[in-house]
Amino acid sequence: MARPKPTTGYVAPIALTAGLGLLACSVANALARGGSDPTLLYWAGILVISLPIFWRLTSREASTGERLALVCLLGLSLYIVKVVRDAPLFTFSDELVHAFNADQITNHHHLFRYNPILPVTPNYPGLEGATSALMGLTGMSSYAAGVIVVGAARLSLVIGLFLLFVRVSGSARTAGLAAAIYTGNFNFLFWGAQFSYESLALPLFVVLLMTVAERDAAPREWGRDWALPLVLGIAAIVVTHHLTSYAVAVFLALLAVVYWALRREWSWPNPWRYAVLAAVLAVGWLVLVANSTFGYLGPVIGEAFEAIFNTASGEAPPRGLFQGKGPSVPETPLAARGIALLAVALLAVGVFFGLRRFWRRYRKEPFAIIFAVASIAFFGTLVLRLAPAAWETGNRLSEYLFVGLAFIAAISGLHEWRPLQRAWLGRAAFTAALGVILVGGAIAGWPWDLQLSAPIRAKAEGRTISSPPLALAEWAAHNIPEEQRFGAGIADARMLMTPGEHIALAGKTPDIEDILKETELSDWELPLLREEGIRYIVADRREVASDATRGYAFTMRGDEPELLPLSTVTKFGSLPGAKRIYSSGDISVYKLGAPR
Amino acid sequence: MRGHGDLRLVAALALLCAALGLLIPIPGVAAIFAVPLALLLPGYAIAAAAFAQRQLEWALFFVLGIALSLAVLILGALLLNYVGGIHPLSWAVLLVAITFVACLVAARRRGPTDRGPRWPRPRLGALGTILLLGGVVAAIAAIVLSASTVPSGDAIGYTQLWILPQAGTKGHEAQVGVRSQQQASLDYDLRIKIGEDEVVKRSFRLAPGETHVVHVRAPAGSEGVLPVIATLLRHNRPTSVYRRVKGSLVAPGEPR
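Just so you know, the sequences run in chain order A and B. FYI, this note's numbering numbers position 427 of the first sequence as 427, with every residue one higher than the one before it. FYI, this note's numbering numbers position 91 of the second sequence as 91, with every residue one higher than the one before it.
Hints in this document: simulated from the structure, not taken from any laboratory. Hints are not guaranteed to be accurate.
As the list claims (entries may be wrong) - Pairs of lysine-lysine, DSS-like flavour, derived with a Cα cap of 25 Å:
| # | chain 1 | residue 1 | chain 2 | residue 2 |
| --- | --- | --- | --- | --- |
| 1 | B | K170 | B | K246 |
| 2 | A | K571 | B | K170 |
| 3 | A | K508 | A | K571 |
| 4 | A | K571 | A | K517 |
| 5 | B | K246 | A | K571 |
| 6 | A | K517 | B | K246 |
| 7 | B | K193 | B | K170 |
Small disclaimer: the values here were computed from a predicted structure and weren't measured.
Same shape as in the complex, but just chain A:
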């Protein structure tokens, strides 16, 4: 590996453009919170951050150190794009769940506390455990500590990718471009940057791959040196995230098989021992600690298979691309759809040429073989987007498969293209293509109407006012004893957990959703509420309250929400001893009578 030299090259001016791009994104979000539509400014900000970096990464002159610095700058800047979207509050649905877990650990000094929304998450406490360290040592909130932990993970992700690609390709230029292509994965900008267990596990996964690749390239007598980092990495991933731990086991097993197929031996550097370790730890954790994972992942995977079958057999219509869940979700504009589809087309071209070069140059390299398979599999997962219950599975898989795709597309050599014998034209075209891939990936991976923030807090007459769900959570935090339980719609429930600091049940298990949406009460409902220990029920007439990604903000004038019938709220007044103790218009809280 070429030693990174201390040449800074164009890092400083590009850091300035990245900072200005971030500022543009932040201004765009502030304008969006104020009710304007600064979409163009936002995307311009993203391109101001990324295009100078992409341009420099395509050059021949940049040193390894400069490329590494640029990759770090790109990864961290794009992470801050997510941070400036909604600081200083978590607003992604999973973030509120994990922040609740972190607060529980800090307040009660133990792991594995109960989580009513995603009961599986406390069984994988890696992220929240790590966050609790910073919370404890500093007194910071789960938001601040979580942003720092995920930021550190992001930094290790991009450095890990770069070093992995340097090791496998032997070229810092290819590695820089591959890392740049990786930022175009559908989940890089938002989903993968949220405070969620996968956001920590995936970077550890990539660093683990890098470590295995480095071990492979090292002399045999170094073998033992790699053992401790590898074992710690595998164990940490197993404790942090179910799917990533299985991905580690599968990847290492595949790698071991490929090594054997190429070299016909199981000895050094074949990583089969680590594959076995990963499998044993993942299964052991699943069975001994996290057996609720079966109930969590089983239906998701089962429904995905069923949806694929139904769609393929024509029993169910295919899911429309860029389609939200409800009629109130705005459509993605045609131009944005075009960019997203163009991004996929560009990736396909890159992979086509990349696979040709792979065959000529890398087909004896174990990592490159798996990357080639992953790059093809990625396009298979795109088909899953057509099946209603399978699109999310496909979307999540893309983060892992994109590691291979980024490598294969980067070795395509397309950045060497010299149209009209002018190298700069080829570089410009490649830079533009990277821009399209980044923007297109962001559009494909995150709903169009959620790219910019919505107002959850606002300034009025020099003071701060809060949106109805946030105000409810703040009221509960100040006025309702911590041990009292709520039943609520899924958006209100998440806010009641963080920052409301209460246990709030929502959704289908138990069936709070139907209790809230029906216009009359049935016989089974009060016993269920009592069985679950629910003392307060939050009745929210806003349809959007059942949307875990959109239900947190103010209603905007001219954009009034669809409302449930009034009787969905007032019916709770007929329960024995129930009283409406809180009202903010669309949201009411009923205190249920004590069981006799």
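Go by the hints and put chain B onto chain A.
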């Protein structure tokens, strides 16, 4: 650890960061010390111990430092969960102990030769430094702006009304709260009916974000549990009920 400048520095920094992180009461300032302690130093020490007899590239060493620190936090939480609980002090002790032990192992394995990573010393020059600082300042401005609330004239304001038993009064007293989340100051009329009588009437003006709390108790001579109904009206619409909540009061002398 004589001769191992990097290891001595890491061990000393771990101790210093732990002490200052715990002692400084301002979270933002404490983080300056706690972040390296949590996210770099233990991983650096473990990488130094694991690769004591090799010269790793600095970039590799750096990323292993972060990733192994994250692994230490993840697995450390698991350990603390079963050994005394997860407390600030136990975190500090654990992280310092791991860093110390790993530094000692690294020093022993290295022997007399110093095999720490060779860190790059990038030269930026005056212009480069100014540009870099400009980028940092712009990024900080972006974050500060994002954390600021801005006016949102199209956001539809509203008002909260609630009634709750007053803590510690066994239900003999209640508080009725009104909090404005409106875009502008508004005048309100609050009527509270206890039992059959309307006993409290309040008119007040609330600015956005302001709260008005009224404390009520059951009238003298009343008996049993009395229903309480709080009705909020906006001053400009005196005949239209804006919000209504219900509670109860336990009469004086009555057990709850």
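Hints versus structure:
1. K170(B) <-> K246(B): holds, 17 Å
2. K571(A) <-> K170(B): Violated, at roughly 29 Å.
3. K508(A) <-> K571(A): holds, 20 Å
4. K571(A) <-> K517(A): Roughly 10 Å between the alpha carbons, so the hint for K571(A) and K517(A) holds.
5. K246(B) <-> K571(A): Cα-Cα ~15 Å, so holds.
6. K517(A) <-> K246(B): holds, 23 Å
7. K193(B) <-> K170(B): Holds. K193(B) to K170(B) sits at ~20 Å (cutoff 25 Å).
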